[in-house]
Amino acid sequence: MISRSVQKTFPLFLLPTVAAFCIGFVWPFLHGLFLSFTKFKTTSKWTWVGIENYLKAFADESFRYSFGYTAMYAIVSVVLINVLAFTIAYFLTQKIRGANLFRTVFFMPNLIGGIVLGYIWSMIFDGFLGAYGKSILTDTTWGFWGLVILMCWQQVGYMMIIYIAGLQAVPEDMLEAARIDGATSTQTLFKVTIPNVMPSITICTFLSITNAFKLFDQNLALTGGLPYIINPDGTSVHTTEMLALNIYNTFYGQSSNSRGVAQAKAVLFFILVAALGLMQLKFTRDKEVQQ
Amino acid sequence: MKKLIAMLLALVMVLGLVACGAQDTPATDAPKSDDTTAATNAPKATGKVYWLNFKPESDEALQELAAMYKEETGVEVKVVTAASGTYNETLTAEMDKGANAPTMFVVGNAAAAETWGEYCLDLTGTPIANELNTDAYNLYDEDGKLCSIGYCFECYGIIVNTALLEKAGYARDYITNFATLKEVAEDVHARAAELGFDAFAAADMDASSSWRFTGHMINMEYYYESVDAPEKWEVCPAELTGKYMDNFRNLYDLMINNSLTPAAELANGGHDAQNQFISGKAMFYPQGSWEWGNGLEPGGMKAEDLTMIPYYGGVAGEENTGLNNGTENCWAINSEASEEDQKATMDFMVWLVTNPEASAKAVASFGAMPYKSAVTSTNPFLAISNDYAAAGKANMWWATNYQPNVDAYRAAVVSALNTYNADPTDANWEQVETAFIAGWAVQYQAAKG
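Line by line, the protein sequences are chains A and B. In terms of my numbering, the first sequence has 95 at position 108, counting the first letter as 1, and numbering is strictly consecutive. In terms of my numbering, the second sequence has 86 at position 70, counting the first letter as 1, and numbering is strictly consecutive.
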């Protein structure tokens, strides 16, 4: 039952947010969708080219490479972040001293912005790798794992908070019943706790998958796509470039001829991430236990 | 009472969201742009000027000049400076603003002329073009339209601390070719512990410093190729021969092997080569004339302790080359701006180069301006460059301005140089050559279509 005063004033509360959403998201999105079918240098002067941009985007080798690389990164990081976050959350919901302090400290890395994080971590990694004569900018393996380590460090705290909330919502009587029935703690964890925490798992997996695919700031600041493999014919493969950076480089790096193609890539990118997110949501939602 | 507080809070929230809500300011405004609010009012009958500035170090001087012009003539001049390295992105965003787009912007090299050529007014025969005292810094597009003209020129080479050179036991003008440069560099590097200073400052490969090698030092190679085939270099050549890459390698190897900072540490940068030079820890610093106002003079170095030598790589006849003179600072007028605004902009430019007070201020900030009535510069490096020219040494013109898809091209080169720095083998140098030479052809094709 909504009270009268709320019924009368809810448009006033909603209006600023809806306006900002339309201006900041809906309009640029539709405009971008339109521009992906054109060739343009600045957004106000365009010429229609139809689906040519999409064909070029599919034919672009670097786009396919970035997609594969991003998918690999996403799988690794989603698993690692969620497993680590859940483990830490599980321990921090036990009655241990200083649990609140731990929670605060684990969450703090999330407050640092992406570019600064990438830059500082690249110096940390190089300080460490320099002793072995390597650098994060010359070794693809280290570029990949460096990014994974960085993102785990940043994201685990955030997911941990969500998992803690989920774990605290597991009904006490179910846990008691399990204990009385003689379940071991492992059995309790897998048969009682996790099914009840499924809503949190849904949210966290969704966030980590979409974050992994959309990753840009940290990728740019940590390696910027380096090292490149220089092919004998002069073309180069940007070995640590993820999808968002690939789109950015297509837009700004190619003397403005490929801006339409970059826009087409951005639309494809949106469809991909939306499809993945929705599929994952449906899959985990089906596993949720009704309270 | 509770209702009143609730309504008040709601009102504050709405005001807060609306106030910081839909403002479209995608460009990075200069930190002291006092003129912006005034300039976005309706244009007066005399037109308005909007200069999207390329040089962050000149922002302060330009704001003062804008205020001066407004006082004298009443015309609004808005100067916004794009953050270092983001000029292309900022210009793309600003050009979309229709009537409020920049009326004056920088088109400094072939790649920019390719992108922005259609937005440039043809400056042939215009009042501002008639004020030039040289055609050397004019930029034409493929159809021969005069897209932009230089508003300042600079030179680069290897800055030398002659006080340290003399301390090491060499005469001030001892270095005249690669053989002598190599002798001095290797000797000083070997005796670094005893002397207290080393030969070359760090050759960092991060974004703030890599252009000194991927853009400037490589100019030596392009220059000698252009001497072999001048007609090929009248427009951007489709491909390079790479004949002088070995000479480039000579100089590059000398630089990274006789430096304060070991080569393997250069990838991530952060060694502050400028500071190494100013504090007297290094004797050679590959850089340009802009460093005088940008760091060396404020850092306390004296003009008589400094000189600049050309890039020597062991090419026959290199004793007869001078420094690299040229510019990436060419201003263009927006052809889509209204006639009034175009005229106002042209008038502003002419005022800037003919008014003694204004040109003195501009020259102090930019360095020399190639205009008949502009005040001469006091930059010591430009004076040295003039000495070379007077002695008949050839100018190493900025062939590097032709680099196609300059960002993508240089990024590949940086990657190859990083690999080489970490492990200086011949195989890795082949990659560097591929990036420089074959990469040029690839980017040329990409830029064309």
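Since the hints were made in silico from the structure, they are not lab data. Treat the hints with care, as some may be off.
[Said to hold, decoys possible] Taking lysine to aspartate or glutamate and the EDC-like style, the derived pairs with C-alpha atoms no more than 20 Å apart in a straight line are:
#1 B:K259 x A:D220
#2 A:K28 x B:D157
#3 A:K121 x B:D442
#4 A:K121 x B:E110
#5 B:K297 x B:E335
#6 B:K377 x B:E105
#7 B:K409 x B:D423
#8 A:K28 x B:E134
#9 B:K464 x A:D168
#10 B:K377 x B:E355
#11 A:K32 x B:E110
#12 A:K28 x B:D363
#13 A:K28 x B:D423
#14 A:K26 x B:E134
#15 A:K28 x B:E105
#16 B:K377 x B:E356
Keep in mind the model is a prediction, meaning the values are calculated, not measured.
*Hint by hint, work out which the structure violates, then give me just those numbers in ascending order.*
4, 5, 6, 7, 9, 10, 12 and 16
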